[in-house]
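Based on the hints, put chain Y in the right spot on chain A.
Take a look at the letters that make up each chain.
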Amino acid sequence: MYRYDQFDHQLTAERVAQFSDQVRRRLSGELAEDEFRILRLQNGVYMQIHAYMMRIAVPYGMVSAKQMRMLASIARKYDRGYGHFSTRQNIQFNWLKLQDVPAILADLASVEMHANQTSGNCIRNITSDEFAGVAHDEIIDPRPYAEILRQWSTFHPEFGYLPRKFKFSITGATQDRAAISINDIGLEAVKNAQGEIGFRVLVGGGLGRTPIIGSEIAAFVPWQHIITYAESIVRVFNEYGRRDNLYKARIKILVKAIGIDEFRRQVEEEWKFSKDGPSTITQAELDRVAACFTAPAYESLPQEDAAVAQQHNNKAFSNWLKRNVKPHKVAGYAAVVLSLKNSGIAPGDATAEQMDAAAELADKFSFGELRITHMQNLVLADVKRSDLFALWEEAKAQGLATPNIGLLTDVICCPGGDFCTLANARSITLAKAIDERFDNIDYLHDIGEIDLNISGCVNACGHHHVGHIGILGVDKSGEEWYQVSIGGSKGSPANIGKIIGRSFSFAQIPEVIARLLQVYVRERKTDERFIDTLRRSGIDPFVEYVYATPVVEDEKLLLPDYDLIKQGTPYDTPYYSPRF
Amino acid sequence: MLIKNNVLVTDEWTVLRLKEGEAADRVVVPAGKVIVPFPVWNCQHEALQGRRELGVWLASFERAEDLQDDINRFPVIAVDFHKFSDGRGYTLAYRLRTQLGFRGELRAMGDILRDQLFYLKRVGFDTFAVRADKDIQDALQGLSDFSLSYQASTDNALPLYRRVERGAAR
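Heads up: the protein sequence lines correspond to chains A and Y, in order. Under our numbering, the first sequence has 163 at position 163, and the numbering climbs by one with no breaks. Under our numbering, the second sequence has 36 at position 36, and the numbering climbs by one with no breaks.
Any given hint could turn out to be false.
Derived SDA-like pairs (lysine to any residue); straight-line CA-CA distance at most 20 Å [said to hold, decoys possible]:
id, chain 1, residue 1, chain 2, residue 2
1, Y, Lys134, A, Asp34
2, A, Lys275, Y, Arg162
3, A, Lys275, Y, Lys134
4, A, Lys167, Y, Asp86
5, Y, Lys134, A, Arg24
6, A, Lys275, Y, Asp86
7, Y, Lys134, A, Gln99
Rather than coming from a laboratory, the hints here were simulated on the basis of the structure.
Chain A extracted, bound-state conformation (with noise of 0.2 Å):
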């Protein structure tokens, strides 16, 4: 992976000193809050509604055991033991007090890590497929790439203050793992017809309010010009994106506006200042970062291993050689999903035994990397299949192994109502009713993949709108309610799903689930996923089913008690305040 070098330490040691003098200036009362909030934001420092959280930066979901330890440090000295794994591959901190985040940013940098743009009005991690490197289905490894559009965000003086934030998101691959549609600008590393590496450019992607996908504004800009192409369109975004409305102000707006065409052309204008000028990738510098991300030593082994072979009656272990272990581009090795997503607990979180548990696992397995994923799980890229059986028996005694990968209890969901000031409704909570009403692991792999996304509002952190099952937190008066869609696709190709029809409780959103996974296996064919017979048949019979009789809320939903935030676990109500 990609190593500092003594300019990237030096700046980064200058960003740490920057945000510390603006950390003790406010809360010495020189700065006053609304001229912090965006200094802060552009360190990942949010104020949410029990603590501040942190998010910090992990760039393409890329981190080394050592970092993994430090993020696992972290979570014990200033933290309530635990951490939460993000959509963007990023990891956040949910009850941290201010005065420690200097602290936090001088440790993280120790280990080659920051918080830089990791919110704010400006462009944000850069995320990547998490397979990058390994997948059978790559044809150029993107990380290059986004290591050399980190540097060129990090800090750019012109872009620091857009009308709205701006994700970059990049994949080398036939498969879309990195959902480059649904992000501000997608980039797919492509060869053209001369065997020159360039990138189909894809501009004004986007979920929220306006649900968009991205619309390929060029089809190849060789990799040289990508720099130059890429910052005239962030350079015309930011003087027409619209600033007057908060929700108007992504440039997916903008692009549906003037149209497509009329963007690309005012960017090709806005190109012809800067094409070919200083900013211009060169080869040496494409190769400096390129050796980061060399082939690890891989060992020439068969494809199969007998040691696995041996194991074919342990079920628990063949359905987690089927679900977790994924294909490798190496004969011999497999990469290893480590999931995040066990019952009881908020998807994506691990506690800090679990992350120094993984860290130890990729020493021992898997070349001392691991990579987080924009499903908010852990992935080892380089394990030797005959390590697998090994490995995965050390990774269920830390809680690591649920063999639910893809599954619906594979949940994507946002932190909700729980934690997040923005929310209308409960997101995780919504994720434990449904993992205990879905408890049961055979029904789990005979329903296949199947992708449920829950947000708790229209921000869509939960990225509802794309999953095969969408679920969104709206508010009624007051009151929680949730809106079902189904029939959204993250990639491959990308879709937005269709809202089914009037909006259920909380009470009533297992049993909505459970008629609509009943239509599918009363409708599918041998091998069809949710998704293809849901795109087959289309969405009739799956509507007029979920309202053919009313939905009975779950009792047990509806007791006071029942939530996840309770006495004794480390979601207990903290009480540090917010403001300082």
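This is chain Y only, laid out in the frame that chain A set:
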């Protein structure tokens, strides 16, 4: 007081702002060194043509290209930040300097605070009229938050890897 080229100096210019009811085509531009709003320059172009000591200021929504033909006749161009969080002024400055070749004083005024000065300087501003209620001496420190930068901008036409040998000591 102003920050100009990293030191405190006395402001020799007066900024003309239209009061309610004043029209750009009729307002009287006082004598002396005056920075006029762009609409005033636009409407009174001919009458003001002869005045060498005249500056112009742009609001964040106005266009740098509209000054294209006259750009280096102004000893000073100012950009007004009505809110520090409105980042259009950064692109305005970048365009004035790198695309339109403005060489005179480029002044940031309005809601100008210490913590934005470093970026403002990088995109091409050399003069800062810090918001009146703030300590300008304190603000001066904001200019040196960082000693290097990854990407090119007005202050440095080259990205870091073209300026230094990268990847050396860790």
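Would you list, in rising numerical order, the hints stated earlier that this structure does not obey? 3, 6 and 7
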